[in-house]
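With chain A fixed as given, assemble chain B onto it according to the hints.
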Amino acid sequence: MKHSIAEAARAARRLTTCATAAVLAVMVGTSGLEAQERDKVTIGYAVSKSGPNAGGADMTVTPNYELWVEEVNAAGGLKLPDGSQLPIEVIAYDDRSSAEEVVRAVERLATQDEVDFILPPWGTGFNLAVAPLMAKFGYPHLAGAAVTDKASDFVKRWDSSFWFMGGSADYVNALTEILIAEREAGRINDKIAMISVADGFGIDLVKAARPSFEGAGFDVSYDKTFPPGTSDFATILNEADNSGADSFVAFSYPPHTFGLTKQAKVASYNPPVFYLGVGAGFPVYPKIAGGSVEGVMSLGGIDPDNELNAAYRAKHEDVVGRAPDYWGSVLIYASLQMLGQAVERVGLDKAAVAGELSTGTFSTVLGAETRLENNQLRAINWVGQWQDGQFVAVSAQGGDGMAAVKLPKPGWE
Amino acid sequence: MLEHVINGLVLGGTYALVAMGLTIQYGIARIMNLSFGDTIIAACFATYVLFSSFAISPVLALLILVPAGYAFSLVIYRVIMRPLVARAPDEGALEVDSILVTFGLLFVIQGVLLIFFGGGYTSYSFLNTPVNVLGTVVAGNRLLAVVLSLLIGLALIVILYRTRWGMILRAVALSPQNAPLFGIDTDRAARTAFAIGGAMAATVGVVVSMFQTFTATAGVVFTMKALIVVILGGKGSVLGAVVAGLLLGLVETFVAAYIDPGLTLAAVYGVFLLLLLVRPNGIFGKA
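Note that the protein sequences, when read in sequence, are chains A and B.
Using the numbering used here, the final residue of the first sequence is 1090, and nothing's skipped along the way.
Using the numbering used here, the final residue of the second sequence is 746, and nothing's skipped along the way.
Simulated from the structure, these hints should not be mistaken for laboratory data.
Do not take every clue at face value.
Covered by chain B, per the in silico footprint, the following chain A stretches (three or more residues, Cβ under 8 Å) [said to hold, decoys possible]:
| # | segment |
| --- | --- |
| 1 | 727 to 734 |
| 2 | 923 to 937 |
Heads up, incomplete: computed chain A residues facing chain B, CB under 8 Å, no partners named [unchecked claim]:
| # | residue |
| --- | --- |
| 3 | T907 |
| 4 | N915 |
| 5 | A966 |
Here are the in silico distance ranges between beta carbons for each label pair [stated by the list, open to error]:
| # | chain 1 | residue 1 | chain 2 | residue 2 | range |
| --- | --- | --- | --- | --- | --- |
| 6 | A | D790 | B | P639 | 54 to 64 Å |
| 7 | B | S511 | A | V996 | 16 to 26 Å |
| 8 | A | R999 | B | V534 | 26 to 36 Å |
| 9 | B | I515 | A | G1088 | 28 to 38 Å |
| 10 | B | A514 | A | G1075 | 33 to 43 Å |
From the three backbone atoms N, C-alpha and C, an ideal C-beta is built for every residue, glycine too.
Isolated chain A, as found in the complex:
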């Protein structure tokens, strides 16, 4: 405060050399002073740095926040409509993977730290937990790592909420389309073995998957859930194999995804379709699996020929020290780019930024013309598959930035 007053005084002294300019300065004085009072933009967030959610947050969310802030500050700061730039100052809290803690932290960011913008936490449940608060304090809520079919309802309830990761039905329906095409081509039978973790992500996805698979005429011959703490999958894979299904679908979290892969290799369980949940799109997945993961399918995927995405991946690796995952990372990063561009157009007013996010068109890592439909990002790759060492977005026939799915999956080695 002292600093900015001195600065203003100095600026005023310089201006007095010219009388007319001095008059002008007095005329714009009030608004000019206000802008000068501010020497930074504060952005706050609470993410899980410890506890069970830390693994997911550390892969998909936090690195992208850090990358984006570092990039913006290296370029001189956030651009404002008048062409000036302000550096970003970050206030970050650890929610310790506790829903109460994340709510408390967001409340603190809004009322005590009075930050300009709040970035969302990791996870569907946590985003839903903070959504009412974000709306109450008028912050645009760019829910990145949150998969929900109810996004359209939430947008009605909280019109400054934005949803960047689609819904369970989107992911499942895209998979069903591929399975239908494979069945018609005679490469798989009509049985599916499906397992899911008895926790947020698994419950949501399996709820969407049952009607989707059955509606398409598939027989879900093995349909079981397992507790999140499960680490041994020998029996489950054994039973899935015995069910006679050609397609294996698991809505799992990373520890299970890795465990399932290792066990499938040991047991030489190699169904034509092998689809896993979160973790199969991590860059470290092939290394963890210890060799070839060709043909393994999961959520997400990228277009390897997309230069914007390739540049983003290179930058992420450069700044963070490791590659981003092949699913959520790029969506989170795009949401931050949109926030930056919205600020550049309409300034720091929260309601104006929310309005711009809703209606504007942005140039992001996803493409030159990224826009939201009903506050939701829809340009998402739903199904991916490991092909030649890359996790690429696939569809039954390919095209439109997607490769054609290659099935049946080859053997593990």
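Same frame as chain A, now just chain B:
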């Protein structure tokens, strides 16, 4: 049927391995070590670093990390536990104090791991090769865990019940107040037992890291599982830990195979409750 027995024993072998160290620390040193799981995780990360950065095979890592675990726990006992033992008026007070202190230690270890490795998932592949056991294919690394847990369990039982040194340890476990009357250095016995527990934690960490995904904050999962097995088997009983561990593995596998994988957790706690109702001190516990 046979395949489920084998899969169950393989899973239970890991549980037994996890629990043995804790039961020795609890039974002989009278320290309820809540940071046990985090010591395991520290060993997991150490193995991972040795394997991925120095290309040292996890089997060789055992030779480095087991003595390291022993030394680490010895230092912890001397610096942190000894004053507690010295000032505790009775066993109950020591148990409460040790729970509080090791609860703090848990966060120290976790914090250090978070600084060095971050909160992300870590996993690697080693010895993930199929081995045929009586017609059932099991992973080589899991089989190693069972073999190690049976060997270590056997060795501990032989030492505890067939050697003079083991008798000293048992005497301290049975009656820490009276043991000094027979010229037994209880402090030394407790120190050694605590350090053996630490070496066991390191063993578990090395073996488990081969097949399980771990994070810096996952230690509490191991502590919880170990606690269940220890209480089920009877505190301080190595044989109890092995039997209870194998039993839980079999229960989980059979429930997963014949009823529903979603009920494995419920079945484990069901068995836990039932056995405690019948035998409040555990299968091999003394009243």
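Quick rundown of the hints versus the structure:
1. Only when three residues or more bring their CB closer than 8 Å to a CB of chain B does the claim for the segment 727 to 734 of chain A stand; here the count is 6, and the claim holds.
2. Counting residues of the segment 923 to 937 of chain A whose beta-carbon sits less than 8 Å from any beta-carbon of chain B gives 4, enough to reach three: the coverage restraint holds.
3. The criterion of a C-beta within 8 Å of any C-beta in chain B is met by A:T907, whose closest approach is roughly 7 Å, and the hint holds.
4. About 7 Å separates the beta-carbon of A:N915 from the nearest beta-carbon of chain B, less than 8 Å, and the hint is met.
5. The interface hint given for A:A966 is met, as the beta carbon of that residue sits about 6 Å from the closest beta carbon of chain B, less than 8 Å.
6. Checked against the hint of 54 to 64 Å, the pair A:D790 and B:P639 passes, with Cβ atoms roughly 58 Å apart.
7. Judged by the Cβ atoms, the range 16 to 26 Å given for B:S511 and A:V996 holds: they are separated by roughly 22 Å.
8. For the hinted restraint 26 to 36 Å between A:R999 and B:V534, the CB-CB distance of approximately 34 Å keeps it satisfied.
9. Restraint check, B:I515 to A:G1088: a C-beta distance of roughly 30 Å satisfies the suggested window 28 to 38 Å.
10. Taken as a hint, the range 33 to 43 Å holds for the pair B:A514 and A:G1075, whose Cβ atoms sit roughly 40 Å apart.
The structure fails none of the hints (numbered hints given earlier).
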